[in-house]
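Note that UniProt numbering has the sequence shown beginning at 1, numbered continuously upward.
Incorrect hints may appear among the rest.
Said to hold, decoys possible - In silico DSBU-like links for lysine-lysine, alpha-carbon gap of 35 Å or less:
| id | residue 1 | residue 2 |
| --- | --- | --- |
| 1 | Lys13 | Lys41 |
| 2 | Lys63 | Lys13 |
| 3 | Lys63 | Lys3 |
| 4 | Lys3 | Lys41 |
| 5 | Lys41 | Lys10 |
What the hints assert, rightly or not - DEER-style ranges, computed between Cβ atoms:
| id | residue 1 | residue 2 | range |
| --- | --- | --- | --- |
| 6 | Gly37 | Gly57 | 25 to 35 Å |
| 7 | Ser22 | Asp53 | 17 to 27 Å |
| 8 | Leu8 | Val65 | 16 to 26 Å |
| 9 | Gly14 | Gly59 | 17 to 27 Å |
| 10 | Met1 | Asp53 | 10 to 20 Å |
Because the hints were derived from the structure by calculation, they are not lab data. Every value quoted in this text rests on a predicted model; they were computed, and no experiment measured them. Note that CB positions come from ideal geometry on N, CA and C, so glycine has one too.
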Amino acid sequence: MPKGKVRLFKEDKGYGFIGPDSGGEDLFFHVSSLSPGVTLKQGDRVSYETAVDHRTGRGRAEKVVID
Numbered sequence: 001m002p003k004g005k006v007r008l009f010k011e012d013k014g015y016g017f018i019g020p021d022s023g024g025e026d027l028f029f030h031v032s033s034l035s036p037g038v039t040l041k042q043g044d045r046v047s048y049e050t051a052v053d054h055r056t057g058r059g060r061a062e063k064v065v066i067d
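Using the sequences and the hints, build the whole thing.
Below is the structure:
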């Protein structure tokens with residue numbers, strides 16, 4: 001699983017962005033990709049799976065877990 005760092009998490013809005021360790025564009029994630037009860041904060045180290053957002057054609061993170 002790829003790893004990265006939470007760059008931004010807007011809990012009140014239900015989304016955030018992860019900066020991949022491998023570099024490149026930050027990945028969007030939605031709170032629905034987190035396990036129930038998990039909250040993140042800026043700077044948390046995470047692992048995730050990648051997928052393509054069919055609406056935007058950009059990468060997004062799914063199944064996000066804290067490392």
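Consistency of the hints with the structure:
1. Proximity of Lys13 to Lys41 is assessed by CA-CA distance (about 13 Å); at most 35 Å being required, the pair is judged to hold.
2. Proposed proximity of Lys63 and Lys13 is supported: the alpha carbons are some 18 Å apart, at most 35 Å.
3. As the CA atoms of Lys63 and Lys3 are separated by approximately 12 Å, the hinted pair is consistent with the 35 Å bound.
4. A hinted pair counts as satisfied when its Cα atoms are at most 35 Å apart, and Lys3 with Lys41 qualifies at roughly 15 Å.
5. Our distance criterion of 35 Å between C-alpha atoms is met by Lys41 and Lys10, whose separation comes to about 9 Å.
6. Against the hinted window of 25 to 35 Å, the Cβ-Cβ separation of Gly37 and Gly57 comes to about 32 Å, which satisfies the hint.
7. Take Ser22 and Asp53: their Cβ atoms lie about 19 Å apart, and the range 17 to 27 Å holds.
8. A hinted range of 16 to 26 Å holds for the C-beta pair Leu8 and Val65, which are about 18 Å apart.
9. Separation of Gly14 from Gly59 is about 19 Å and conforms to the stated range, judged on CB atoms against 17 to 27 Å.
10. Take Met1 and Asp53: their Cβ atoms lie about 19 Å apart, and the range 10 to 20 Å holds.
When each numbered hint is compared with the structure, no violation occurs for any of them.
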